[in-house]
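Enquirer: Residue strings, one per chain:
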Amino acid sequence: MMELHQINKCLGKKHVLKDVTVSIPDGNIYGLIGPNGAGKSTLLRIIAGVYRADRGSMMLDKEPVYDNADKKRQVLFISDEPFQFFHATLKDMKNFYASWYDLDESLYQTYREQFHLDENKPLKNFSKGMKRQGFLIIALAIAPRYLLLDESFDGLDPLMRREFKSAITARIAQKQMTVILASHDIKEMQEICDAFAMLQDGQIVTSGNLVETLSQVHRIQLAFDQLIDPTWFEELDLISMRVTSKVVNLYVRGQEPALREYLSTLHPLMMEVLPVSLEELFIQKVSWKENVQ
Amino acid sequence: MNTFGGWLFHASERPYIKQYINANKHLIFVIMIFLSLIASGSLVPSSLVSYAFMAFGFDPINAYGLITSDRSLVMICVCMLSYFLPIFQFRFLMSASGRDLYLSLPIKRERLYHIHYFIGALFMGVATVWCGVVFLLFHPYNQRILVSVFVFLLFLLIGLCLYTFFTFLVVKSHSLLDAFIICMSYTLLSMMFTNAFQRFFQAGAAHILIGNGFDTVPSHVQQFISLLSPPWIMFHWNVLFLEDVQSHLSLIWVIVHTIMWMVFACFCFVYAKRSFVRKKMEQRKDSQEWVTYPLLVPMGEAVLILGYGEGQLCSFAIILLFVFSLIAHFFVKRKIHLDWRMPLRFIGFVLLGYGLMQASIATDFFGLIQEIPKQEDVEMVSVQVFDTQCVDCSILETLWIQDSKRISKVMSGQETMMKSKLKTMDEDVSLIVTFQYVYHDGEESIRSYYVTQEQTQVRTVLEEWKKLGILRDFKGVE
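Just so you know, the protein sequences line up as chains A and B, in that order.
The opening position of the first sequence corresponds to residue 1 in the working numbering, with each subsequent residue numbered one higher.
The opening position of the second sequence corresponds to residue 1 in the working numbering, with each subsequent residue numbered one higher.
Careful, some of the hints might be misleading.
[Claimed, not checked] Below, a list of computed lysine-lysine pairs in the BS3-like style, where the Cα atoms sit at most 25 angstroms apart:
1. Lys13/A - Lys333/B
2. Lys14/A - Lys280/B
3. Lys18/B - Lys121/A
4. Lys333/B - Lys14/A
5. Lys62/A - Lys108/B
6. Lys467/B - Lys421/B
7. Lys13/A - Lys279/B
8. Lys421/B - Lys14/A
Hints are computed from structural coordinates only; laboratory data are not their basis.
Go ahead and model the full structure; you've got the sequences and the hints to work with.
Expert: This is the structure in structure tokens:
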């Protein structure tokens, strides 16, 4: 179990992470979602032991990760722009990683053939997507306990994305690997993640199991025969509310039957309860927070 | 702990070290070939080396002189290795992606530093020994083989000191460009300081002697300053066993400076490791650690103001230096923004240079400049008398006088000229008397005085010199 408690980090004068507290269960795909500059990459670097938190603790099985070789052996970080040596080939990079981690050579070769990657060609001659594929197959051949991927699907075509997602899922099933993915592509995160944390301005605005969280959030559209008074909805656990004369759109947390029962007491002309996507939830959370601010 | 390679590397690090060497084998091969060509004398002709060597004041006339000048090429290679290797070894610190990769690896930072430092140091050792072997094979002067081996070992030792110092600077830098500039600046700074001190001294001497000649920096001071730079220590070791230069060099100073640099390198090693372990990898891109630009720029300013401002409050050189300082300031900040402290600092240095010059003038450059030298320091002297009013009989000079009795007479005559001298060249001036001294350590100084023949004491001195054969026939005196 990976536990981050009250993590704070400043980069220069900017307070990038503010009291971030997250528990990441094993054997999951955990998504770090947020707009650019939200602090996702900084959080990944703290988990990988590249940065040290200014305040707070980052524990893996109750031991700190920073400058701890044993714990770091269980963590592999693939950054958004992976480092490559001058004129290095995929084989060179594989050998480099293999000198630090246990790499399954036969699996690496299988992936390499599956994704049609020439290991003797210099990486500088690879396209951006091919480079990412190269580093991803190395990461999958290593299959560490925690695999940290920063925007790693950027530059991959939809077919490759699908193939990599299924490869990741298969490796999780084999090795009980936990994948922590940082991305601003929320649709994609919804497809692949089991759990998530949503970051906005260095703070976690919501987190938890994806299915459970989304089943708890509803978009409700109501129409009334009179002008709407916003105080009617004060008792609800609102995420956001948009009133247009006699019509209101609510994003609200709670059990659907209980919400229907409560809202029926307001005698709406029309009531429609819709499921919410992660992207919608993100947009409502962010825009509502900004409106409140 | 299970180790291999003695205490240097842990067994768990072996795969990485093997992979690292394997990944760089082509580069290692190219460098070794290049070093072999240099050490064998195949790449640079000996005549060119000898010419360059003579430019430093040493004449490689004999076989051993030639071998010394050839050996200095190896010295330059060792210096270059010590400059480039730290940048190569720690280049991963210079990019965000490199830091992400290396610092997320399952290894303690201290061990990561050790591995990269010692791989570089071992390579320096192997390369220097290889150069030594190739050199001895191609320059088989067997009678001096032990001296060459000893000098190569000293090259390696001082090269490692330099390598450690540059490692410290590279660890403190935040980009490849900064690492190159900072290491290069520290290399040049010691040379600039030597040159600046010479210029400042000569400017001071000109003030003190008020047009009566010039003086060079005393050799012991010059040697002390030059030994602040490790390449110069290597150079001194290289030529120390040349018979014709032994008298100019003080072995004890070279040993003291070598030991000083070894101690300094130990500190650099410890502090570089500590800096590496504690380094905040998220730091800004420009290098702002105190040992980098914040120290380097003011030091450079001070040295330039000292050397080229020549203790004046305002001159074209000072205005030019201010412009250079501004450019350096903007480069360091990576933006065109004037910090009010920068001009204040510059003015402070100019005032300091002025104050230092005034103090130097008041104290005869802290006792370093003596208008009349000590007789025991003088090897030989010559006197030249120039009659400004006699067109046909203009110059008369002595041959070099080396016997102590006549040297003493010349010096007492100089005392008379000093007392009788006119400060400017006006119509009363009829004679210019110039004394040229050569000292036991090879240094020289010149003193000139404007005097009139009508002064009795001047005439008496000239007559006495003529009687003693110090001056040959001189029509102006007749």
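Enquirer: Hints first: check each against the structure and report whether it holds.
Expert: Right, here's what the structure says about each hint:
1. Lys13/A - Lys333/B: holds (16 angstroms)
2. Lys14/A - Lys280/B: Since the Cα atoms of Lys14/A and Lys280/B sit roughly 15 angstroms apart, the hinted pair holds (cutoff 25 angstroms).
3. Lys18/B - Lys121/A: holds (22 angstroms)
4. Lys333/B - Lys14/A: holds (19 angstroms)
5. Lys62/A - Lys108/B: holds (19 angstroms)
6. Lys467/B - Lys421/B: Between Lys467/B and Lys421/B the Cα gap is close to 23 angstroms, so the pair holds against 25 angstroms.
7. Lys13/A - Lys279/B: holds (18 angstroms)
8. Lys421/B - Lys14/A: Not OK: Lys421/B and Lys14/A at ~71 angstroms, beyond 25 angstroms, violated.
Comparing the model with each earlier hint shows a violation of hint 8 alone; every other hint is respected.
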